[in-house]
Structure formats: C-alpha cells, structure tokens
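> Sequence:
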Amino acid sequence: MSEKMEGVATSEAPAALGAYSQAVKANGFVFVSGQLGIDPSTGELAGETAGEQAAQALKNIKCILDAAGTGIEHVVRATIYLKNVEDFKEVDARYAEVFIGSVKPARVAFGGNDIPKGALVEIDAIAAL
Numbered sequence: 021m022s023e024k025m026e027g028v029a030t031s032e033a034p035a036a037l038g039a040y041s042q043a044v045k046a047n048g049f050v051f052v053s054g055q056l057g058i059d060p061s062t063g064e065l066a067g068e069t070a071g072e073q074a075a076q077a078l079k080n081i082k083c084i085l086d087a088a089g090t091g092i093e094h095v096v097r098a099t100i101y102l103k104n105v106e107d108f109k110e111v112d113a114r115y116a117e118v119f120i121g122s123v124k125p126a127r128v129a130f131g132g133n134d135i136p137k138g139a140l141v142e143i144d145a146i147a148a149l
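The working numbering puts the first residue of the sequence shown at 21, with every later residue one more than the last.
Note that these hints are calculated values from the structure, not bench results.
With a straight-line Cα cutoff of 30 Å, these simulated DSSO-like cross-link-like pairs (lysine-lysine) come out:
| # | residue 1 | residue 2 |
| --- | --- | --- |
| 1 | 109 | 82 |
| 2 | 82 | 137 |
| 3 | 45 | 24 |
| 4 | 79 | 137 |
Generate coordinates for the entire structure from the input sequences, incorporating the hints supplied.
Now the structure itself:
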C-alpha cells in the first residue's frame, strides 16, 4: 500500500474554508471534502433552496474530480448532510440528475445538521481514479 498522498485544488470550485484540502488523492481514490453549494465565481450560496445548493455542490465535486484526473462517473460513495431532512426528496432529485450510470454510488444522507455559512446541504464524495 502506497503512503503517497497528493492534494487536489482547482479554482473551478470554492477554496477550502478552513484547514483542509478540496480533495486528497491516495491509494487509487480521490477523497473530496464536503462541498457547499457555493458558486466559486461569487463566493455566495447558489440559491436559497436545498435543491439549488445541492446542484452547485455536485458541480463543485465534478470540477474537483476533473482536476484530480477522474470524473463524477467514478464516485463510489457520497454523503449528503441536510439541515432539514424534509429537503431530502428535492436534493435526491438533483443527485439523480448527476448519477445516471447503471451503478449508483453507495450513499448516506441525514438531516438535522448545522452546516457552515447557513447552507442547507453539504455533500462529500469518494471516487476511484
């Protein structure tokens, strides 16, 4: 097993808000940090609904994975953090628009979270290289 780790960063997604990397490549995987629905061009949340924010978070994940040399179609696991579990159906609909392959990523979703910047949703992902 390789001990090599490599940080991944792109200006196509929001800069990290703290002491972490946008993503880390290690041992054949890319571990993408939780992404809020922040538009990198404005630094603001990309909409007031959980669905709008989820769509932007997924776009940010796609851009990070592209920078890492893989793609959204290689996501093997994702976690969705919701402020309000009642938003699950709306967020799941946006998620389903992105993950269209025959094998969907394994996933966890749960609500009742206080998310930074007053966001309604945060999504992280693990993808194969």
